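Novice: Each chain is listed here by its residues.
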Amino acid sequence: MHDVGALSRTAFLIVSATMVVGVFTLIMVAVALFTLLERRLSAWIQDRLGPNRVGPQGILQPVADGLKNLLKEETYPAQASRIYFLLAPMLSITPALITFAVVPFAAPLPTPWGLVEMVIADLPIGILYILALTSLGVYGIVMAGWSSNNKYAFLGGLRASAQMVSYEVGLGLSLIPVFMLAGNVTLTQVVWTQQEELGLWLALPLGLAFFLFVISAFAETNRLPFDLAEAESELITGYHTEYSSMKFSMFFIAEYSNVLTASALMATLFLGGWDIPFWQGDDMRVVAPGVVQGALPAWWKTLLTLGVFAGKTVFFVFLFMWVRWTVPRFRYDQVMHLGWKVMLPTALAYITLVGTSMLVLDALDVPFGLRYGLFLTAVNLVAAIVFLWLLDRDRVIGGATYRRLPRTALRREPPLVTAGEGVVLPNDGT
Amino acid sequence: MSDLLWWVFASLAIGGGLGMVTRKNPIASLLFLVLTFFSLAALYVLLGAHFIAAIQVIVYAGAIMVLFLFVIMLLNLGHDYRPDVRGGAWIVAGFATAGLTGWLLTRVLTTEGAVVAQGGELEIAAAVREWNAVGAIALPLFRDYLVPFELTSVLLLVAIIGAVLLAKRRV
Amino acid sequence: MLTRSLVLSAILFGLGVAGVVVRRNAIILFMCIELMLNAVNLAFVALSRAAGIEGQIFVFFVMTVAAAEAAVGLAIIISIFRHAETVDMKNFNLLRW
Amino acid sequence: MEHAGFRPVLLGLIVLLPLAGFVINGAVALLAPARKRIVTWAGPGVLALAFALALVNFFGMLGVELEQAIVRDYWSWMPVGNLEVAAALQLDQLSMLMTLIVTGVSFVIHVYSVGYMGDDPGYARYFAYLNLFVFFMLVLVLGANFPVMFVGWEGVGLCSYLLIGFWFRDREKADAGKKAFIVNRIGDLGFMVAMLLLFTNLGSLDFEEVFRAAPATLAYGGALVTTITLFLFLGATGKSAQIPLYIWLPDAMAGPTPVSALIHAATMVTAGVYMVARTGVLFALAPVSMIVVAGIGALTALFAATIGLAQYDIKKVLAYSTVSQLGYMFLAVGVGAFGTGMFHLMTHAFFKALLFRGSGAVIHAVHGAFHHTHKEWDPQDMRNMGGLRHYLPLTWIVMWIGTLAISGVWPFAGFFSKDEIIWQAAARAVGPFAPWFTAFWAMAIAAAVLTAFYMTRLMIMTFHGEIRCGAAECTHLHEVPAVMSLPLVVLAGLSTVGGWVNMPHAIAELPVLGWLPSAEWIHAWLEPAVRPAEAILGPRLGALNEAAPLGGGEAFWAAVAFALAVVVIGVGSSVVLRWKYRPALESLEPVGLKKVLYRKWYVDEAYETLIVRPVVATSRALWRLVDEALIDNVLVNGAGYTSRAFGWAGSRLQTGQLNTYAFAVVLGALILLGFMLL
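Quick note, the sequences are listed as chains A, B, C and D, same order.
Oh and the first sequence: position 145 is 145 in our numbering, straight run, nothing missing.
Oh and the second sequence: position 140 is 140 in our numbering, straight run, nothing missing.
Oh and the third sequence: position 68 is 68 in our numbering, straight run, nothing missing.
Oh and the fourth sequence: position 425 is 425 in our numbering, straight run, nothing missing.
If you're looking for bench data, these hints aren't it; they were derived computationally from the structure.
Everything numeric in this text was worked out from a predicted model, so none of it was measured.
Hints should not be assumed to be uniformly reliable.
As the list claims (entries may be wrong) - Straight-line alpha carbon distances no greater than 25 Å define the calculated SDA-like cross-link-like pairs of lysine to any residue that follow:
#1 B:168 with A:344
#2 C:90 with B:74
#3 C:90 with D:654
#4 B:24 with C:64
#5 B:168 with C:72
#6 C:90 with D:649
#7 A:341 with B:159
#8 C:90 with D:155
#9 B:24 with A:158
#10 D:179 with D:199
#11 B:168 with A:326
#12 C:90 with B:18
#13 C:90 with D:656
#14 A:341 with A:225
#15 B:168 with A:332
#16 B:24 with A:87
#17 B:24 with D:647
#18 C:90 with D:647
#19 B:168 with C:94
#20 A:341 with B:152
#21 C:90 with B:75
#22 C:90 with D:433
#23 C:90 with B:96
#24 A:151 with A:73
#25 B:24 with D:655
#26 A:341 with C:84
#27 C:90 with D:657
#28 C:90 with D:372
#29 A:341 with B:162
#30 B:168 with C:84
Modelling step: build the complete structure from the supplied sequences, incorporating the hints.
Specialist: In structure tokens, the structure reads:
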């Protein structure tokens, strides 16, 4: 126990305000850079160069884009509902930006005025807050699609909202094993569980939940392979077809900040947050204002953990982009099928499995620690193998119909047409 | 601070409710109602019910109202809406009734409810300290109210079946 | 804050009542009912500060019921709309005599 | 209750067999009316079986001294309060005799019907009705309590209605059916009232209970028992066509002739006699009722005979003759000679069935002839007949046998039964009512003379003298087929020897007749059944007046009656042969007394004027004033208008608008809340 001293009320306000501004700025800058990163990454994947003319390595390209968007003409569709058309991007970006508030991004920082927790608001309901806000994000998209008075936009909006509502279920359910292990819903507690109590990143004992969470997060952020809402080949650009200039960029910012938040959440929930692996020096936890349990906080530790956290987050952002440029888009019915008939039952089954395992372990008097985690890892390994085996039978997410047909059907010769007989074409699945 | 916030969110809630009742466009009504729900969630936080606040947003703002929005857009009631507010005497009657209801309910709630018991705040605070915000609700829910809780699951199942049956064109 | 919240709950309930009396759009009627439910929820939460956690548990149940009700109710409205091409309650007076 | 020496064999089956026949024939009538072969076998077949069963029971019973009726309880039918009515059948000597008559005569008539109705499209329906009738008749005679008997009583009435109106497309026939039904209802009302009175006073409706309790409970000659018996007798007059309710029976001849023979001569109409005999205990307790019964019987016998004198319709003559003979039976039971009444019932069943079927054969033949030549003449009018003996010799012979039997010529059946009635009326003329009995005796003798005359007239007009039906038609006259003639012969035989079973001692003891069955067998047979009634009557009556009223014994008066009958027949034949008749269409209305008789003493017209018209007028007034104006308009419609007015007012509140309803609900809630608070 180290009593570093709690912040005074005034200091708390000042620190909070500073942190809000700081995090907001950081996110905006990061989002701007992510746009560049995505373009360079796609270019790299596709063996191109990508934007590299504005500034060194095109580093100033986001600035140029921003300026261009600000200066572009604002267009309004003729029959659009003006108020809702304006409201839509705001409703879209606001939840995206404020979701980050509950994510702890570094170890507590000792200051002369007291201990500062590196989280904007450590709400007692923690991750429920995130779920609540992501569920609000759908309003912006639906409103955008509807108020544009454009059927592509409308279809995009409908698709997006249905998809988000569907995958929210999977998202929420994939988090329940995490809560069960952590015994709380606050993110600091989740981080502490991985750091000290279990000594194991939850991606290992809860690998399947991690997998489901990642898929759901992809769907929630409308990223490929789930970007049905803005499927260019079908719907132009979906719900923001009619948007231009800054309102268009607001949707973009919302999307990338969602990606950022989702990545940060994956890092926090499953990869130990700001925890540096195999090192006890950062195992600290604020049990009361100003009171720290575990290692002694220090400013360099805070910096170090922040860096580690940033690294993990950027890794997931990279994963998002990597997937986007490699995996093709699902068909809409496949998306719904996957959400309701695969994710939901799997998540429920997994919750049952984890719950049972925990009850068994508790009954066997296994102390909550590494052995506990390893046992769960073993269980999870089996479950993951079973799940993947089920998934990989061309039945669940099989891409096209012909894959379900017997192999011989593909090699069958066209039947001979004799006189008086109707022409029977072989069903070759095309 | 929290008093000020209370007044802010209370006025937002009332304003949202008023807007919901008076706006002619269903989408506008809906957004005002979402505003009210959001304000209510904030009020719940101020009243110390964090978990309720969270599920208020998740369930009401995030699920039920999205469903409403969906239906409004599906039936295309938002664009070519016909005004549906009843005229003259009905408005007077409606708001007079509303006032009367509010007044009577206020009398009931403030004279009977508030003075019956006290100290629930402290009790809840103790429970939250021991079990944290979710556990404080979860424990009595799964211990004392287990049967009603299970019954709600049956209710939801029935509702699912009913909704599917009703909404399908051909069963 | 408790008494204030109770008064606020009564006011919101009254607004819901006014909406039910004044509006004819079935969906808005429905939303007014949701508003009334929420007013009751607020009263529950406020009273839980006086009487303990049970108030919040009841809110939980109310929300479950509200969700079920919304699902079924909206399905009914959709089938009504399919049948009559409108959701204006003035066209649904089959209950008359 | 079981008797040591005798167990009834399949008693219920006797009743059920005709019901089965009804079901089979009814099904055929509904589903396949053309399948006549099934009906031909099923209809008479069930009756043959039933008759055989009745015979088995009879012979079983013959050697046993059965002191009490055997009652078979099948199930509890009406357990209401302290009333416990069982669906029960009862077998004693009285019902055994009736069962034999009913099944036997029915069987013969069923066989006859196969020929008579063979060409009718409603063949199956006819047999269904006929079987149903037999079922109900058996329920009537075998019922062990008043309600069961009443079921049979009503059932036979229903079947009578169905069969009279069998050719319901003919308005006149349908009307005759309705008349029979309605007139019977009046009598049935009497039966029901009597039943209710019995229940209120004796607390039971079982024959056994009632007859055991009645002598102790009901005062001899008291008003109550007199009322009960008079109401019972009202029922009997309806069913058995006595004054004043006899008017339906002549009209009932509209039905098919075998029906007239079976229902309206042999069985159903005797139900009243049977009922009086069955409830003999009650009648014995009410001397006034006995006088009424005897008086009505004697009066009916004479009255109907006078009408019979002037009728031209052959079946009408027989119908009035039936009414007259039924009057004899009531005279017999009225003077307390129940056995004698039953005896005449039996012999009458034989010879009246024979006469009716003989007339049926005549009508069949004449109708066929007229039908052949498309002559629109009435085949039942005797003025259109004459000289038929050349064409229908068998019918002629058997009809004469019947005539002799009904006229009371020795040794035919009617002689024994009728003379016994006459003698009993005279012999019982002791005690306070002696003058009455003497008068009845005189009326009976007069009626006997008239009977002999009108029957002679019928025979002469039909079979003798010149042929009036036309030369062309004569060639088409044919004797009946075997299936019809065989029953005739059987019945003729029975009409001849049927009376011998109950030969009076006075005759049976003549040395020449020593080989005949034991004398007064019927009396001996029925003795246990009528013993309770006799036990009441006997002491009060004292010794019979063997010589009454003008001296001479039973044998003497029998000889006198025989002589009278022979003289009347002989003189009558020669007189009637000399009368000239013209076919019905050319005949003039009779004049004078003859017209009065032809018009049946204007009784129908009097009823029409005195009863039917006032009733109809009153009904019409009630209909217009009470029913239409008061009940329909003021009460029913008024109530309707009132509630509709209230409903209209209330419906103004029902706008169908959801908001309004919600508003009302909220207001109501607010009012409640306000009451609770303020």
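Novice: Confirm or reject each hint.
Specialist: Do the hints match the structure? See the list:
1. B:168 with A:344: 22 Å, holds
2. C:90 with B:74: This hinted pair holds, its Cα atoms lying about 21 Å apart.
3. C:90 with D:654: Satisfied, since the Cα-Cα distance of roughly 13 Å is no more than 25 Å.
4. B:24 with C:64: Since the Cα atoms of residue 24 (chain B) and residue 64 (chain C) sit roughly 29 Å apart, the hinted pair is violated (cutoff 25 Å).
5. B:168 with C:72: 12 Å, holds
6. C:90 with D:649: The given pair, whose Cα atoms are some 21 Å apart, holds under the 25 Å limit.
7. A:341 with B:159: 19 Å, holds
8. C:90 with D:155: 64 Å, violated
9. B:24 with A:158: 23 Å, holds
10. D:179 with D:199: 30 Å, violated
11. B:168 with A:326: Status violated; Cα separation ~38 Å.
12. C:90 with B:18: This hinted pair holds, its Cα atoms lying about 22 Å apart.
13. C:90 with D:656: 8 Å, holds
14. A:341 with A:225: 18 Å, holds
15. B:168 with A:332: Roughly 19 Å between the alpha carbons, so the hint for residue 168 (chain B) and residue 332 (chain A) holds.
16. B:24 with A:87: Roughly 18 Å separates the two Cα atoms, so the pair holds.
17. B:24 with D:647: Since the Cα atoms of residue 24 (chain B) and residue 647 (chain D) sit roughly 36 Å apart, the hinted pair is violated (cutoff 25 Å).
18. C:90 with D:647: 22 Å, holds
19. B:168 with C:94: 23 Å, holds
20. A:341 with B:152: Holds. Residue 341 (chain A) to residue 152 (chain B) sits at ~23 Å (cutoff 25 Å).
21. C:90 with B:75: 17 Å, holds
22. C:90 with D:433: 93 Å, violated
23. C:90 with B:96: 22 Å, holds
24. A:151 with A:73: At roughly 23 Å apart (the allowed maximum being 25 Å), residue 73 (chain A) and residue 151 (chain A) satisfy the hint.
25. B:24 with D:655: Given that 25 Å is the threshold and the Cα spacing comes to 23 Å, the pair holds.
26. A:341 with C:84: Roughly 34 Å between the alpha carbons, so the hint for residue 341 (chain A) and residue 84 (chain C) is violated.
27. C:90 with D:657: Since the Cα atoms of residue 90 (chain C) and residue 657 (chain D) sit roughly 6 Å apart, the hinted pair holds (cutoff 25 Å).
28. C:90 with D:372: 80 Å, violated
29. A:341 with B:162: Given pair residue 341 (chain A), residue 162 (chain B) holds - Cα atoms ~20 Å apart, limit 25 Å.
30. B:168 with C:84: Holds, at roughly 16 Å.
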